[in-house]
Amino acid sequence: MTALAPYIEYARKAFAREATYRIELLAEIGSLALRVYLLRALWTALYTHNIAPMGLPLHSMITYATVAMLMSLVLEVDGTRVIREKLREGGIAVDLMKPIVVPFAYFSDGVGQTLVHALAILPSLLISLMLVHIDVPSAATLVVFFFSFALGYGVNFFVNFLLNGVAFWTLETFGLQLIVRWISDLLSGQILPLAFFPGWFGRAVFALPFAAIYSTPLLVFIGIIPPRQWVTALAVQAAWLVVTAAASYLLWRAAARRVVVQGG
Amino acid sequence: MLAAYLQYWKINLLTMAEYRADFFMWLGFTIVYHGTALAALAVTMMRFPSMNGWSLREMFFLYALWMAAHELHNALFYNVMYVPEYIREGRFDRFFVRPFDTLFQVLTVPSRTFPDGFILGVVTLAIATGVAHVHLSLQTVLVIAAVVCGGAGIDLGISLFVASLSFWTIRVDTLRWAVMSLEQDFTRYPISIYTRAVRVVLAYILPFAFMNYFPASYLLGKHDAAFGLSPQVGLLTPLIGLLWSGCSYLFWRIGINRYQGTGS
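Going line by line, the protein sequences match chains A and B.
Every position in the first sequence, counted from 1, becomes a number in the numbering used here once 520 is added.
Every position in the second sequence, counted from 1, becomes a number in the numbering used here once 178 is added.
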């Protein structure tokens with residue numbers, strides 16, 4: 521356990537730092553309530569005037585969109601932003617000298633920040649329940665959902681890590697990151713179910729890592745991925761986790777060497 | 179004052195020519211930002227062809243009308259957003275020792291605000307006007323131009339109002355952010371999909387519906403299902419823009435007087 525102690529400390533510090541922004545957190549919950557209202561109005565209007573597509577009934581659609589919104593409270597926290605800041609301000613050199621595995625320390629930092637926002641999930645869920653009806657799946661489904669969500673969290677972390685890691689080569693990564701964020705919002709299934717995309721594109725989006733972030737857990741939740749496909753779905757997510765983690769590792773190795781060279 | 183303003187734009191455009199890479203980067207952002215929003219809309223409407231009687235083509239026009247007005251606001255008045263920051267950091271006081279109007283000085287702080295979004299907005303609006311089969315005549319072109327200017331006025335009125343609040347309280351960032359996301363999310367759809375209270379807010383309190391919903395209803399010859407108002411109300415947009423920005427300017431002056439008062 522002692523080996524983990526510094527990382528737990530990193531997470532605690534990040535938690536305390538992030539928790540000072542109380543008003544922002546309240547605003548986040550308020551804005552979520554507005555967006556849940558919006559999604560109810562939107563999908564209700566669409567279902568009133570059209571035939572339900574692909575056998576997806578309105579209540580499943582609303583459940584999908586609301587749970588996606590709640591997940592975004594946690595997934596939109598970019599725990600690796602710290603890399604970019606440390607690079608700009610030079611703090612990264614000091615961190616590299618410390619007896620820690622730096623990426624793991626940043627991961628802990630990210631987890632600490634995420635936990636603050638995870639606290640907002642409960643009140644947000646209560647407010648959402650006042651606005652919409654959410655289908656509650658079986659206990660087994662919920663367990664698999666949380667497991668899948670955790671895998672998605674990992675993939676999301678490493679995708680962010682890779683994007684922030686580009687800062688080792690060029691400091692202007694904010695724009696690139698925004699672009700990837702907007703595209704991934706769309707291609708991860710956060711805004712709408714990926715099955716809505718037409719033709720070959722609709723099949724191709726499932727083969728991208730973004731689908732592992734939102735789409736898989738959500739499809740488990742609303743039952744589109746049935747129990748007999750759970751293992752395959754989670755295996756694909758796990759594979760993406762391994763790939764993005766390995767890429768992050770390689771990027772980090774190349775980048776750390778670069779910092780040393782520049783400093784020497 | 180006009181000469182000074184022209185000088186400001188001359189410097190702005192020269193900066194743009196100097197930082198050409200920056201300009202294209204921002205243009206890229208704007209394209210991806212609006213592109214993903216429109217793609218989400220298009221994919222959704224492929225599955226649900228009608229949104230309360232609005233087709234995809236009409237929804238595209240609705241979006242483009244808001245986009246052009248909002249981007250015109252961004253090109254001319256974006257600096258208003260920085261007022262809370264100026265006040266917090268004490269940089270606002272220098273505006274009092276110069277002979278120009280304070281708001282004019284705020285608007286002309288060089289800040290590399292390129293008109294890339296507005297250019298894109300006009301192009302998008304031109305395409306949308308064709309796609310949505312808006313009956314083209316000199317009159318409709320003039321109406322569209324007036325609506326875009328009026329819409330930018332509404333935008334300015336609201337952001338100036340929020341910025342003026344910072345003469346009384348420092349913490350307006352959260353409020354500004356909430357109003358901005360309300361605008362971006364709720365102007366995307368015809369307001370008839372919302373419940374009555376929200377429609378009233380969007381039409382009469384924060385009149386975002388006049389930026390696109392009412393004028394689009396008029397130009398597309400659609401019946402207003404939200405209030406059953408005559409389509410001609412869509413022509414009121416320029417008036418409402420003038421009214422809102424005028425009232426906000428008065429509020430700004432009151433704030434300035436108060437701010438100077440506490441300083442002495």
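Any given hint might turn out to be false.
Unchecked claim - Far from chain B, by Cβ distances over 10 Å, these chain A residues were calculated:
1. Phe535
2. Ala539
3. Gly550
4. Ala565
5. Leu590
6. Arg608
7. Ala613
8. Ala625
9. Phe667
10. Gly695
11. Leu712
12. Ile744
Said to hold, decoys possible - Computed footprint of chain A on chain B; a stretch qualifies when at least three of its residues, placed anywhere within it, have a C-beta under 8 Å from a C-beta of chain A:
13. 254-266
14. 372-379
Because the hints were derived from the structure by calculation, they are not lab data.
Backbone N, C-alpha and C fix where the C-beta goes; we use that ideal spot for every residue, glycine too.
Now for the hints, and whether the structure bears them out:
no. : hint    : in the structure
1   : Phe535  : holds (21 Å)
2   : Ala539  : holds (16 Å)
3   : Gly550  : violated (7 Å)
4   : Ala565  : violated (4 Å)
5   : Leu590  : holds (17 Å)
6   : Arg608  : holds (18 Å)
7   : Ala613  : holds (28 Å)
8   : Ala625  : holds (30 Å)
9   : Phe667  : holds (28 Å)
10  : Gly695  : violated (6 Å)
11  : Leu712  : violated (6 Å)
12  : Ile744  : holds (15 Å)
13  : 254-266 : violated (count 0)
14  : 372-379 : holds (count 3)
Figure legend: structure checked against the earlier numbered hints; hints not met, in rising order: 3, 4, 10, 11, 13.
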